[in-house]
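Peer 1: Residues per chain are reported as follows:
Number of protein chains: 6
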Amino acid sequence: MHKEKFWARDLKPGLSLRSTFLATDTAVRNDSRGVPYLSLKLVDRTGSVDARMWGLPDNLRGGLPEPEYVRVEGNTHDYRGTLQMKLNKLQVLDREDISEEDYLPATDQDLDALQAELWMAGDELGNEHLRELFMLMVSDAEFWEAFCSAPAAKSMHHGRVGGLLEHSVQCLRVARSLVDLYPVDRDKLFFGSIFHDVGKIEELSWGGGGFAYTTEGRLQGHVVLGDRIVASFIKQLPDFPKDLEMEISHILLSHQGEMEYGSPQQPKTMEALLVHIIDNLDARLAMFQETTANVRPDGWSHHENPLRRALYVPAVTGAVSEEAGFGGHDAEEQ
Amino acid sequence: MHKEKFWARDLKPGLSLRSTFLATDTAVRNDSRGVPYLSLKLVDRTGSVDARMWGLPDNLRGGLPEPEYVRVEGNTHDYRGTLQMKLNKLQVLDREDISEEDYLPATDQDLDALQAELWMAGDELGNEHLRELFMLMVSDAEFWEAFCSAPAAKSMHHGRVGGLLEHSVQCLRVARSLVDLYPVDRDKLFFGSIFHDVGKIEELSWGGGGFAYTTEGRLQGHVVLGDRIVASFIKQLPDFPKDLEMEISHILLSHQGEMEYGSPQQPKTMEALLVHIIDNLDARLAMFQETTANVRPDGWSHHENPLRRALYVPAVTGAVSEEAGFGGHDAEEQ
Amino acid sequence: MHKEKFWARDLKPGLSLRSTFLATDTAVRNDSRGVPYLSLKLVDRTGSVDARMWGLPDNLRGGLPEPEYVRVEGNTHDYRGTLQMKLNKLQVLDREDISEEDYLPATDQDLDALQAELWMAGDELGNEHLRELFMLMVSDAEFWEAFCSAPAAKSMHHGRVGGLLEHSVQCLRVARSLVDLYPVDRDKLFFGSIFHDVGKIEELSWGGGGFAYTTEGRLQGHVVLGDRIVASFIKQLPDFPKDLEMEISHILLSHQGEMEYGSPQQPKTMEALLVHIIDNLDARLAMFQETTANVRPDGWSHHENPLRRALYVPAVTGAVSEEAGFGGHDAEEQ
Amino acid sequence: MHKEKFWARDLKPGLSLRSTFLATDTAVRNDSRGVPYLSLKLVDRTGSVDARMWGLPDNLRGGLPEPEYVRVEGNTHDYRGTLQMKLNKLQVLDREDISEEDYLPATDQDLDALQAELWMAGDELGNEHLRELFMLMVSDAEFWEAFCSAPAAKSMHHGRVGGLLEHSVQCLRVARSLVDLYPVDRDKLFFGSIFHDVGKIEELSWGGGGFAYTTEGRLQGHVVLGDRIVASFIKQLPDFPKDLEMEISHILLSHQGEMEYGSPQQPKTMEALLVHIIDNLDARLAMFQETTANVRPDGWSHHENPLRRALYVPAVTGAVSEEAGFGGHDAEEQ
Amino acid sequence: MHKEKFWARDLKPGLSLRSTFLATDTAVRNDSRGVPYLSLKLVDRTGSVDARMWGLPDNLRGGLPEPEYVRVEGNTHDYRGTLQMKLNKLQVLDREDISEEDYLPATDQDLDALQAELWMAGDELGNEHLRELFMLMVSDAEFWEAFCSAPAAKSMHHGRVGGLLEHSVQCLRVARSLVDLYPVDRDKLFFGSIFHDVGKIEELSWGGGGFAYTTEGRLQGHVVLGDRIVASFIKQLPDFPKDLEMEISHILLSHQGEMEYGSPQQPKTMEALLVHIIDNLDARLAMFQETTANVRPDGWSHHENPLRRALYVPAVTGAVSEEAGFGGHDAEEQ
Amino acid sequence: MHKEKFWARDLKPGLSLRSTFLATDTAVRNDSRGVPYLSLKLVDRTGSVDARMWGLPDNLRGGLPEPEYVRVEGNTHDYRGTLQMKLNKLQVLDREDISEEDYLPATDQDLDALQAELWMAGDELGNEHLRELFMLMVSDAEFWEAFCSAPAAKSMHHGRVGGLLEHSVQCLRVARSLVDLYPVDRDKLFFGSIFHDVGKIEELSWGGGGFAYTTEGRLQGHVVLGDRIVASFIKQLPDFPKDLEMEISHILLSHQGEMEYGSPQQPKTMEALLVHIIDNLDARLAMFQETTANVRPDGWSHHENPLRRALYVPAVTGAVSEEAGFGGHDAEEQ
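Residue numbers (the numbering used here), protein chains in the order written: chain A, 1 to 334; chain D, 1 to 334; chain W, 1 to 334; chain S, 1 to 334; chain E, 1 to 334; chain L, 1 to 334.
To be clear, the hints were calculated from the coordinates, so they are not data collected in a lab. If you're wondering where the values come from, they're calculated on a predicted model, not measured in any experiment. Please note that a few of the clues may not be correct.
[As the list claims (entries may be wrong)] In silico SDA-like pairs for lysine to any residue, Cα to Cα no more than 20 Å straight-line:
no.: 1; chain 1: W; residue 1: K154; chain 2: A; residue 2: K89
no.: 2; chain 1: S; residue 1: K89; chain 2: L; residue 2: R18
no.: 3; chain 1: E; residue 1: K154; chain 2: W; residue 2: R228
no.: 4; chain 1: L; residue 1: K235; chain 2: A; residue 2: A231
no.: 5; chain 1: L; residue 1: K86; chain 2: L; residue 2: T76
no.: 6; chain 1: S; residue 1: K235; chain 2: E; residue 2: F233
no.: 7; chain 1: D; residue 1: K242; chain 2: A; residue 2: A231
no.: 8; chain 1: A; residue 1: K235; chain 2: L; residue 2: K86
no.: 9; chain 1: S; residue 1: K89; chain 2: S; residue 2: D140
no.: 10; chain 1: W; residue 1: K242; chain 2: W; residue 2: R228
no.: 11; chain 1: L; residue 1: K154; chain 2: D; residue 2: R176
no.: 12; chain 1: A; residue 1: K89; chain 2: E; residue 2: F233
no.: 13; chain 1: E; residue 1: K235; chain 2: S; residue 2: D58
[What the hints assert, rightly or not] Some chain W residues near chain D, calculated using beta-carbon distances under 10 Å:
no.: 14; residue: W119
no.: 15; residue: A121
no.: 16; residue: L219
no.: 17; residue: Q220
no.: 18; residue: V224
no.: 19; residue: M246
no.: 20; residue: L253
no.: 21; residue: Q256
no.: 22; residue: E258
no.: 23; residue: G262
no.: 24; residue: N280
By construction, the Cβ of each residue, glycine as well, lies at the ideal position given by its N, Cα and C atoms.
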């Protein structure tokens, strides 16, 4: 059974709706008059919204301690600057009836367009060895499918199906915008910007059960796994220069920037340093965006987020580029 | 007396020359046959080169413990991948005869062109208040002259006359290249990118005696001093919105990124976060460039540099943008 | 409706009472025989006490998840060295009927006496510029009222209405007691001891809704805000010496002691160093006092407090000065 | 042979003198005209002064690599805000002819007066057990002599003969000035303030050969050694209460404040916390004083000092208490 | 009343049983169909097992917020790689009817055999002073009984009655196995390996009420307490060499390895360094073992354990020595 | 020309000798009578000794700023507990005449015996895959020769030709001695103990010019390089189990123990944890031994060593196993 209309990202104050979600973070609390109510979060692949329900039937008085698929009816409104839903009805659904992919967070960008953007970049690589390597990787169907569907993280940033592709393309765009400002090797920079996080496809698993670390991921980590993936493709190219392989490997291994973040070496070439900075730049701005997704102008986010500080959305924001953002609706929300 | 021809940046192996420099880091050592020689560094406003001299006259047997202006004659050659000069003659000059500015490190970029680039950016600011503020600052002759001649640091990066202007323009360029990729306020971002380090003009002194910290700089620091400078200009604009002033101040105060680096608050708005990242990006890439300025391909720098690690210049570097670099000759050296 | 008699600070074992409080930290638990009971904390402006209630009516079986104003009846007794109340009745009150200031923690010291102590200190300042500055600040009614009513922190120490005044006066007293032991400038030391935390009046908000950070406070922080407040008063005194302004500013900016605690510079003058130590001394001793307020002799506090360690109240404490303490009842409790 | 007149502390610009010192930190350098000169530091028990000598005889051309006792003749003058001596003659003396104690840094305070101040404080202890313990310690001649002559540190602060007594008395004075401001046990606080560093008498050795760590000091440290010394005295008092012994021991063991500074436990009683803060306060202010001893008004110290930052002496300092300071001449220098 | 059969360590999937346990960590949750159930942990002196109960009677709907002694009936099965029990009945028992020692975690090793192993080691000490000291300690009945029954920690590792003896014997075994590989003093190494943690007998209390820190333990810590215990025995041996006492004391004081872990000095002799490493080795391997006690092959532990990382039990483990392990059943579980 | 007799390790007080060494750390100093002398260190492959020379000829007055091969004549004596040589003659030798390997620090253990010990261990591996892998590695002549001649570090510990083999064998011995005490897989533990540092053979270069980091070593590090070496051997064994490969890789990657020391993951299996501890144990004990090699009983080493603390050699050391030590002469020196 597929999710019906009313996706989380389309909600706005003043709607009356009936839809299905994954209900998480549920708790039973009393309001200021001592009346108990259910507090919960409604999630689908496009986002999430907070909800409240009063007049609890017996089977809900204990809450829903584990995430459940639910059908709800209710109305949306603005509560202290955050969108909220007040529920009239809540019914737990059988897992068997559910299309899980409707409820797993996923990118809302056009995956085909993102892939096309990468291909074009690969096609334009001036160094023939890197171009050949790129083509070899892209044409490995199993690898490429994984690369285009993996999340970029379990929860830190871009934690959604297709998130790795989003992050890789955005890093490429940043690299492209900076390459004329500093004396770096264009091809090494682009290749590293695209594939620095490639090890995520083996470090993480994704699918019906949500995002999780694999045993291999926990024992080796995405930094080393990514280095190995690229090395195994290079091995198929007998003429690939040893020096170039060493440098590409260094870019992949050092992209976490510091040893305490899991890189066995700090960046020691201009290209490795810049790939690390670009990765960090896109990750931190994504954390900012994802944390403030539901914060209204002149409002503050919670402290509990990957940046470990409350974030502020200014009351007035001026001209913002139309193309900007991790996806269309994010930019519109600004 | 002005410095004669043969500037440090124009040196290459195989030259026979006669010129004047500031001699620093001198020491008398014995070579492998037990013969004493003088080791020193020859500096002028365009850069520096290592030198050696054998057959020491009596007055040089003790070396030159303090920096001295000298006239030298000798030949240049490549020694283990680094340019070196072998001296035949060395004569100490009277300080009175010297044009000190010839020996104080200075940018080799076109200051007029850099200023023009800033003016144009200011002219294009969409927010009328920020544009008005920018114009007010630019038209304060004393302030503007200081801004255009100050170094960006004593020694970390851009430690040269005009370095602050170089750094500010380069940060603006990076901001300009990123602004369409993320949903940030264009005007706040540009203003912050240009003026985040403005407090350096009061934190540092520069002139004949080299670069130094002022008492004010040591007691207050450039973060607070810069915030005050901008605040004093805003005070002259009675209609400047309070909210905007608060946000601009936050960008300036938080641009060091973390409290332990001297920012009383971490960045908490998208614009403040991005200005911090841009400042950091340009600073680190400049440290890389300045540290490897004399390192030949497939060579390693020393450990003692602001990045606290040996840096590698690859044996082969492919296509590098012609416009790239902190200045023409740096890019060429690559 | 104002709070009736029986304030928290007057409670002792063996009382039978009926009063109103703010009920916080409520939870429903089972006792060792499996019987459910309500555990909660009863707060008013003079302090707090732990309470238990058995025989729960239906509307209390779910607890009170948010703080509520309540009317209670019950008896007090000593439980394992801590005062506790056993409730017979608990009734939730309407917020409309409440005088919120009765339940907001507030100093129990004589605000007029504290202010008088400050005025006298200001009057005795030997440096005419600092004395003039002090008088200007004191005579700004709006500023002065804020200074005398603000809390010194949200929760770390002196988190109560009037707490900033308490802390400032106590720091002055410490400064006064130390000034003859070290060669410091008396006037700068006293001024800094009194006003180092003045930025709290803009960093925090207080009133009916409790203590909170303002947006300005989160974006700029009390260190910079305090420096600006004093600077704006100095600006009204055209003859104020530049050097003195720089030093006073340094004392205010550096009073957190280290950059990682939010000071853009470390203390670099004798007076700045001593003001920082005095601030720290009074803050830590206050944390100790507030954490052990309800601990009986030979007892241990919890770990969760600003000093992050369990604190011990000795079994026997000898002569304690009659004047000592943050307020009369604290000293008596020892 | 005893040192002749002209002690380091009595020097001022414009004197012509002939005296003996310990010469340290010597180096041969060339001046700006290329002329070699000797740079050195002249030390005696009252302080030190920098010196220069031109026209070097043959035996001084290599400098004095190890500290030597010397007889010098020359003139004093002010050089860039620091007192300096220009030497005409320098003669190395035989170690046998020297009274070493004339050249070992020593307190210039009246040791008898300091002891008398301690005795009086001991006599006034209200707790009979602590008073008895104090008397027992004072009447142990060997112990007491060590306590009154030991330095308080090798080089951090109070690194001079009698320095431990100075520091202990000053901590007592601070404790006395604070005791009425906080609800602490007067006797425990005073005892702990006096004896917290008593372990230094076994951790350090002092005498002709300068200050050094003992093997016991390096293997056990002054924190544990001090605790043992007091425990061994308590063992002689059969009626000493166990609880009191435990608390006194806690004060001694925790006085470093944090485990990483060598205390096996953090302070967990009010008295232990205050003793730690007092020790820290006096130590840091002494570091400040000792570092700036030769800095003129509006001048900056070097970075290399126990506080690890350049320190500023304001241009103008107002009223300073006549009694203040670590000793008469320090206060006068202000 | 003593605990009946079916001890935690004997449980395996497929049993139907009726027994008594200490029930901890209870919570009421809803399953995926919305049905509430009780989740709890059943503990006895041999170990623990997770349990679930559906069909809750009224008195269990609120859970058991504090640990309770219970009689349960149910069946065991394997749930996602972890042993679990499904309960049909649960009845709270009166504390008076309970033999608490049946439920306090305790070693399952043969205490007599462990003691005998220590005695033999003591008997073989080559240094007569250390042998005499060892004999003196062993023959102090009160001390020895405490040493043989104390836990080695509250919860980090070996947190069970007899745990200190287990840990001490295992450290001795490791020392014995390493002593021929490095040039260390055999007797000092063995003595230090056995008694480095002796202070635990005063730092901790154990008995009916579980494991807790004593006031003495919190104020002085086991490092100093242990050093004092050994010193008090040495005091009874007038001929004990001072040097040896100093070295033994150093081994005890430095065994935490670093100051931030509570040692007032770092290890500075070969023997002290090795005792620290041995203590650390056995502690960390015990943490690993205790954390993975219920993890099945190819499974991962939780993150929340003293090593602060998820731990992996390989799918296949080859030859493991039959003697290995902290006790027989641990090794068998592998 | 090969080095003549009198190797550094054979020196003792009271010898008169004539030999050749590498002279390092030379400096010209004045003695207490003002007489200049040469201070230097004489090195050969067996160790080093400090030396002094008075009555300097002209060509030595400036010292030897770079290491030189020299022929010396002189006498040995004990100076303040350290062996020293007083030279009568010193002559610089031509580099061409030198057998460099005589002066490069090298193990003095029997390399054949060490290799035989490893082979036997490999032969006894119970797991056929690991045994096959071991045999494959041992029979690769080029690899094996590198493994048996590489140093284990540039300077931290085992920094000598053959040092990696020494360290690997000693780790194997420790593993062998511990394996029966803990429930670990014997074969994985032994394999990991032997080969955890195998990446050193590519990270470091050794030979005539001393020990240095390779470019590959600086860009990838020995952790990743070692993992790749073993993986490339495994690739030649098609039946090698995937799980086993993953676990072996985890042991190699995590052997530094913490991410900040260059391991991309912390140890998460029992075997990985133990290999890390064993590596650390042997490294730290070797640092201790190498630092105190020239320290006499009851003496202290310098602070500047890899353990960053002064180390103590007790006055009396009892029974030390005859087999113990990193090599025969080390043990004898104790």
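Peer 1: Compare the structure with each hint and give your call.
Peer 2: Comparing the hints with the structure gives:
At roughly 40 Å between alpha-carbon atoms, K154 of chain W and K89 of chain A are farther apart than 20 Å, so this suggested pair is violated. Between the alpha carbons of K89 of chain S and R18 of chain L the distance comes to roughly 43 Å, so the proposed pair goes past 20 Å and is violated. Between K154 of chain E and R228 of chain W, the direct Cα distance comes to roughly 51 Å. Violation of the 20 Å bound is thereby established for this hinted pair. With a C-alpha separation of about 14 Å, the suggested pairing of K235 of chain L with A231 of chain A holds against the 20 Å cut-off.
In summary, the hint linking K86 of chain L to T76 of chain L is supported, as the alpha carbons are separated by about 6 Å, within the 20 Å threshold. A distance of roughly 15 Å separates the Cα atoms of K235 of chain S and F233 of chain E; the hinted pair therefore holds under the 20 Å criterion. With a CA separation close to 56 Å, the supplied pair K242 of chain D and A231 of chain A exceeds the 20 Å bound. Pair hint K235 of chain A plus K86 of chain L does not hold up; C-alpha atoms about 60 Å apart against a cutoff of 20 Å.
Note on K89 of chain S and D140 of chain S: the hinted pairing is violated, with a Cα-Cα distance of about 49 Å set against a maximum of 20 Å. For the hint pairing K242 of chain W with R228 of chain W, the CA-to-CA distance comes to about 15 Å; that is within 20 Å, so the pair holds. The suggested pairing of K154 of chain L with R176 of chain D is violated, with an alpha-carbon distance near 47 Å, which exceeds 20 Å. Distance check on the hinted pair: K89 of chain A and F233 of chain E sit about 75 Å apart at the alpha-carbon level, beyond 20 Å; violated.
For the hint linking K235 of chain E to D58 of chain S, the alpha-carbon distance of about 62 Å lies beyond 20 Å, and the restraint is violated. The interface hint given for W119 of chain W is violated, since its Cβ lies 29 Å from the closest Cβ of chain D, which is over the 10 Å cut-off. With its C-beta approaching chain D no nearer than about 25 Å, A121 of chain W sits outside the 10 Å limit, and its interface hint is violated. Taken as an interface hint, L219 of chain W checks out: its beta carbon lies about 4 Å from the nearest beta carbon of chain D, inside 10 Å.
With a least beta-carbon distance of about 6 Å to chain D, the hint placing Q220 of chain W at the interface is held under the 10 Å criterion. With a least beta-carbon distance of about 5 Å to chain D, the hint placing V224 of chain W at the interface is held under the 10 Å criterion. Restraint check, M246 of chain W versus chain D: the minimum CB separation of about 6 Å is within 10 Å; hint holds. Interface hint at L253 of chain W: satisfied, since its Cβ lies 6 Å from the closest Cβ of chain D, which is below the 10 Å cut-off.
With a cut of 10 Å, the hint placing Q256 of chain W at the interface with chain D holds, because the nearest CB-to-CB distance is about 9 Å. At a threshold of 10 Å, the smallest CB-CB gap from E258 of chain W to chain D is about 8 Å, leaving the interface hint in force. Here the hint on G262 of chain W is kept, as its CB sits about 5 Å from the closest CB of chain D, short of 10 Å. A distance limit of 10 Å between C-beta atoms decides the matter here; for N280 of chain W the minimum to chain D is near 17 Å, and the interface restraint is violated.
The structure does not agree with the numbered hints 1, 2, 3, 7, 8, 9, 11, 12, 13, 14, 15, 24 stated previously, though it agrees with the rest.
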